Each structure stands twice: as structure tokens, then as C-alpha cells.
Amino acid sequence: MAEPLRAETDVLVIGSGAAGMYAAIEAARAGCQVMLIDRSLIGRGGATVMAQMTVAVALGSQAPDHWSHHYHDTLTAGRGLCNETLARLLCEEGPACIEEMDTWGVGWARKDGRITTAFAPGHDRARCVYVDFLNTGPAVSKTLRGVVNKTTGISRSGDLCVVDLAKSDGVVTGAVAWHVGSGAPVVISAKATIVATGGLTRLYRRNSGSANMGGDGYAICLRAGAPLIDMEFVQFFPIGHLAPRLIGMDPIMWDPFRYKLGGRLLNSRMEEFTQSYGVPEDGKYVITRDVGTYAILKEVEAGRGSPHGGVYLSFQHCSEAALREAFGPVIDRLAKNHIDLTKMPIEVAPIAHYHMGGVAANARMETEVPGLLVAGEAVGGANGANRLSGNAITEALVFGRQAGRTAAACVKVTRAPSPPDARETLDLLRGEERKDAPNTAEMLQALQAIMADDVGPLRTQAKLERALSHIDELDVALGARPFGVAQPFDLTRLDWLDLRNMVTVARVVTQAALLRTESRGAHQREDLPGMLPEWRVNQVVRLKNGRIEISRMPAAPIEMAAQ
Amino acid sequence: MSEIATLKIWRGPNKTAGRFESYEVPYEPGQSVLDGLRWIRVYKDPTLAFRYSCINANACKECMMEIDGETIYACTTRLEPRAMTVEPLGKKKLVRDLVTEIAPPQERLRLK
Numbered sequence: 001m002a003e004p005l006r007a008e009t010d011v012l013v014i015g016s017g018a019a020g021m022y023a024a025i026e027a028a029r030a031g032c033q034v035m036l037i038d039r040s041l042i043g044r045g046g047a048t049v050m051a052q053m054t055v056a057v058a059l060g061s062q063a064p065d066h067w068s069h070h071y072h073d074t075l076t077a078g079r080g081l082c083n084e085t086l087a088r089l090l091c092e093e094g095p096a097c098i099e100e101m102d103t104w105g106v107g108w109a110r111k112d113g114r115i116t117t118a119f120a121p122g123h124d125r126a127r128c129v130y131v132d133f134l135n136t137g138p139a140v141s142k143t144l145r146g147v148v149n150k151t152t153g154i155s156r157s158g159d160l161c162v163v164d165l166a167k168s169d170g171v172v173t174g175a176v177a178w179h180v181g182s183g184a185p186v187v188i189s190a191k192a193t194i195v196a197t198g199g200l201t202r203l204y205r206r207n208s209g210s211a212n213m214g215g216d217g218y219a220i221c222l223r224a225g226a227p228l229i230d231m232e233f234v235q236f237f238p239i240g241h242l243a244p245r246l247i248g249m250d251p252i253m254w255d256p257f258r259y260k261l262g263g264r265l266l267n268s269r270m271e272e273f274t275q276s277y278g279v280p281e282d283g284k285y286v287i288t289r290d291v292g293t294y295a296i297l298k299e300v301e302a303g304r305g306s307p308h309g310g311v312y313l314s315f316q317h318c319s320e321a322a323l324r325e326a327f328g329p330v331i332d333r334l335a336k337n338h339i340d341l342t343k344m345p346i347e348v349a350p351i352a353h354y355h356m357g358g359v360a361a362n363a364r365m366e367t368e369v370p371g372l373l374v375a376g377e378a379v380g381g382a383n384g385a386n387r388l389s390g391n392a393i394t395e396a397l398v399f400g401r402q403a404g405r406t407a408a409a410c411v412k413v414t415r416a417p418s419p420p421d422a423r424e425t426l427d428l429l430r431g432e433e434r435k436d437a438p439n440t441a442e443m444l445q446a447l448q449a450i451m452a453d454d455v456g457p458l459r460t461q462a463k464l465e466r467a468l469s470h471i472d473e474l475d476v477a478l479g480a481r482p483f484g485v486a487q488p489f490d491l492t493r494l495d496w497l498d499l500r501n502m503v504t505v506a507r508v509v510t511q512a513a514l515l516r517t518e519s520r521g522a523h524q525r526e527d528l529p530g531m532l533p534e535w536r537v538n539q540v541v542r543l544k545n546g547r548i549e550i551s552r553m554p555a556a557p558i559e560m561a562a563q
Numbered sequence: 564m565s566e567i568a569t570l571k572i573w574r575g576p577n578k579t580a581g582r583f584e585s586y587e588v589p590y591e592p593g594q595s596v597l598d599g600l601r602w603i604r605v606y607k608d609p610t611l612a613f614r615y616s617c618i619n620a621n622a623c624k625e626c627m628m629e630i631d632g633e634t635i636y637a638c639t640t641r642l643e644p645r646a647m648t649v650e651p652l653g654k655k656k657l658v659r660d661l662v663t664e665i666a667p668p669q670e671r672l673r674l675k
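The listed protein sequences correspond, in order, to chains A and U. Heads up, the first sequence is in my numbering, so the first residue is 1 and it goes up one at a time. Heads up, the second sequence is in my numbering, so the first residue is 564 and it goes up one at a time.
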């Protein structure tokens, strides 16, 4: 194999969603040279572009609000497990980031000159800003990408998939990547490295994330020695679109519809049912994500589901005019998909949406490993056992900005690092094509089936144990040497590299879920219902000599800020 | 109910060294061409290369290609129970199969 390509920078940012782009901007304006890379295209993949509507922030633009109220709601939603420092950072710094995005021209929806806020479940008041129509994520991505382009000192490269972080003398000093576009290995040395790779939704069959969110950031950080926390808490979005089949629409699009128009969740008897699970809705949208997911799955289990295995969501009480006022051109896109909301309900079901867990970090976004920072959904802990609606984009912006700041401060006191030790990863990428290699796309589908069927929102010991044994089988089939060859856009090789990470992360999620012998937030053990006080702990995952080790630490004491 | 969509797809590392290959995909109403391409990778040939991130939401804008001669996104084009021709973008540099170099030059790997 040819010599690897080499690059050198002050700050390496891995992932170009909102968190990565904000981090790059912040580090560059502090005077650093930044290299922003993404396995997909810059500013196009990841979760940010998929955000449909709400961004939670205590702006107080329409009615009084204060970050401490947002903080209170975040801690309540987190069911006692939030990292208080991270949650506070998210809520307290949110307004500044949202206002800066406004000056950059993101186009938050306004009424009479003031930024409009929508009410979302779990919040004590209307607190979520958005960009019409269903355009929040694309607008945030496009705006940040524009600022990245205009900021001096940021070099960008898409099609660059990080295989592993590289260290020298215990410090992360860059990464080894596989350039998907050419098949060449690339060694990047950096004084500070920020992992902003998003979550793990791709582990599940039905998910609302991009195809490149397979938990790769968690896996590379774990292998580099950084602990992960709260990995058992996968958020399912209760009302993901199920039927009739849609194209060109995001499956989480019904959330904005519910924010603006209420809507009714109905079972097969065309009866509302959320009141049976303790949350009467009465046409309003108040049910939180963990309870909504549980209620829908239980209705289906009791034989009261819709034909495709979900429940109905109805806007038949809304007039055509009301629908058009709220969603304009989206109504025409629905018509093209043969959906007339005034005449029919649609079917919805829970869909993997977000990961509360992630890499353990402090409020400076530093991990336990020197030189390694994290940002955005890659960070674990801010949202505890259940994330409040609207916190994901806020978290991406705030944590991204903070990571950029910390990285810039590190760079100032760091001399040029010794070259990263890249030998092991380069050797991995030297793998020869295996003639008997199984179909990687099929293996990916198999892993998604295991996770969806046995490590979904409703769990039991038997299901989790079965999942672990299936994950082990996949791991054996995957082997230690990559499939495919070092050629441009060899998707079998890319799949192998992805599966290597996904199998690790799937095992971590499953083991953590097996150990947590209670039900809390997004982790519901059907064999162990109810929250237990002794489980007010965060589980910490480390890799020791290639083996996963899970320990417990008491959750940060929660002192309500707004008294 | 066993209708078939036949996708005639360009395979190869550049625009001269390559060929069209046909794949039969079980047709279900409401599928996109992108669904068909993903089906081929799982059940026929995992080496088929094409770009996509957001699956079917038309948010990432990565799956642009030429379908029956029209430049269009694979995720917003309905699969149909007939022969359909799928080619890489004609005006962009071909990387492999249906993948072209669509990123602006300043967002591509450029090493000194």
C-alpha cells in the first residue's frame, strides 16, 4: 500500500453537523488552524439537517422566561439522572447561541418582529424557536456552513471517515481516517481533537437519523480510553411516521404538526388512549417522549394497534385552511403522497431518534483523555434518562461553541505534538480483500433487526441476553480484518469499518441495559417495572484490554435552580 | 402481487470503463428509487456504490443522479414496476458506479 497522506492542524473537528461546525467556527475565530472533516459531505449528513422544528431556549422573546426554568424542565425530564453541570450549561448558554445564529441569518420564525416560540411537551411554557416550514435543521446547517466558509482558518474535507483516534504518550494527537473518495488512508495530527459525530440511531431498523449515525464517535473514544456514560438510554420518538408510505418527507414531521395543531392519538377503536397511561391529552400535545413511546407500544401489544403496527394520529378536526396556514407547501407535498389530513388519520409508531448517553465530559467538553474533546450528541449526560423536546440542537450549538473555545485554549499551551502512533490503524487498513466475505449490507440490516426487536424501548432480561448472543455471532462473522479493498467508494469496506463500531456500541447499550435492573425514562424493563432510588446512578463504560467494563457512580445531586 | 421493477444501473470506476447491469427489485407501491438501490445492496450486491445520508427525507441532498435521463433525487423519485435507467450525474466527475464528485472543491480533501 502507498504511504498514507498526512495533514497537520491545530484543531481537528470530526463531524460537520451543528456541533462540529460551531466548534470549528469558535476555534478559528480564536486564531486556530482548524480541519473540519466529515464522513459524508460537509454540512449535509448527520442529525442536524434532519431536525424538523423545535429548538428549546429561554429567550423570553414573547413572554418572560429565564434559563433556570428551562433547566428545571430539563432535569425533570431526565428522571433524576442529568449531569447538572452540563444541563445548566445547555440552558444558560442557549440564548447566546440562538441569538448569534439569528445575527447569522438563520431565519427563526417571527411574529410582529419578535422570535416566535412554540410549546413542546415537558416545558412549563412556550420555549421552542423554529424555522418554517419544517425547515429548522436545514436552515441551521446551511447557516453554519456559510459561516464556516467565510471564517478564515478552517479547511474542510468531506468523504473522510475516521477509523481511530491516534495517540502519543497517552495524549490524543489526531486521528487516522479512510478517505472514502479515493480509498487512501490519511493520518491527521492535531493539538486538540473534537469528536462531534452525533449519536447511534443507525443501530435501529426504524430511525430518524441519517445513515451515518452509527455510534462511531462513541466507539473511537472508547477505544482511545475515554469512558462512556448512560449508554442504556436510547430515546425513541413516539410518533414516527409509519403509513401510508411517504417519500421526500422526514419521518418525524408529525411533531411540528402536533405543536401547532394539537392532533389526536387514537387506537384501532378510534379512541384516545394516553389517559390510560396517566397523561390525558384532550387534543393538546403534552405527552413526553418516554411515556408516549410506552403508551403506543402497550396499545399495540394489547391488540389495539393500527394495521401496520402503530397507532393513528388524526388531524381530521382541522380545516384545510388551518392546515395551510400552519404548514403551507408541506400540505401539497402530502397531497403528492396521497395524504389528505382532513379526511384520514395517518399511522405512527416509535422510531429511534436520539441518544442520551455518550462520552463522559466536563463543562469544558474535555474527556478523561488529554487532547480529546467532544461536542453535541456525542456528549453523554446532559439529558439524563430522557431528553426534553428541543434540547438537541441547543446542545449541539452550546457544546460545539464550548468545545471550540476549550480547544483553542489548549492549543495555546500545547507545543507541536509528537507524531501520532498510527501503525495499528494503518495496518488494519492494509487488509486484503476476503473472497468469502459475507454481505455487509445484510449484516447491517441484521444488526438493526437485533437492536429493534430486543433492545428497543421495552426490554426484558431474556430479550437482552438473546441480543447479546446474536451480537456475538455478528462479531465473529465480521472478524478482525476488513472486507473490501482500498479503492474509491468501496462501500463494503466502509460498511465493515462501520460494523466494527456498531457492534461495539450495540454491545455496550445492551450490557448497560441488562445491568440496570429497574425502569427509568427511555429504559423500560418489562420484567422490572418502576424506578428504584438505589438506581439513581450513572453507569460508566470503559474498555479494558478489549473487554467492556461497566461501573456505577452516583448521579450528580440535583438542586433545582428555580425555587 | 409480484410486480418487479427492473433497474438498469451504470457500474464502473469511470465513464468509459463500465457497463449497465440490470437488477430486478420486488416492487411495493410507495417505494422510492433509493429504496430500490438499498434493496439491491442487501439482497444482490453490497458493492453497488451510491451516496445518501438522510434515507428518504430529501434533507441531505446527496442522492442526486440521472433517472431515465432526468437529473433528480433518488429519494423523491417513485420506483415503478417497469424498466428504469439509473446513471451517475453526467456533468460531474465519476467516482464509482452512481457516485460523483458533488462537493464544492473547497470541501474536498486537498493535502499539501
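Because the hints were derived from the structure by calculation, they are not lab data. Bear in mind that the values here come from a model prediction, so they are computed numbers and not experimental data. Hints may contain errors.
If you want the ones that stay clear, here's a sample from chain A, every Cβ over 10 Å from chain U, calculated [claimed, not checked]:
id, residue
1, Thr85
2, Ile247
3, Gly248
4, Pro251
5, Asp332
6, Val540
Where chain A lies over chain U, by a calculated footprint (3+ residues, C-beta under 8 Å) [unchecked claim]:
id, region
7, 568-579
8, 658-672
For each residue, glycine too, the CB sits at the ideal point set by N, CA and C.
Structure-based check of all given hints:
1. Thr85: 32 Å, holds
2. Ile247: 4 Å, violated
3. Gly248: Nearest chain U Cβ is 4 Å from A/Gly248, so the label is violated.
4. Pro251: Per Cβ check, A/Pro251 is inside 10 Å of chain U; nearest 7 Å; violated.
5. Asp332: 13 Å, holds
6. Val540: 31 Å, holds
7. 568-579: Answer violated; 1 residues pass the 8 Å Cβ test.
8. 658-672: The restraint on the region 658-672 of chain U holds, since 11 of its residues have a Cβ under 8 Å from chain A and three suffice.
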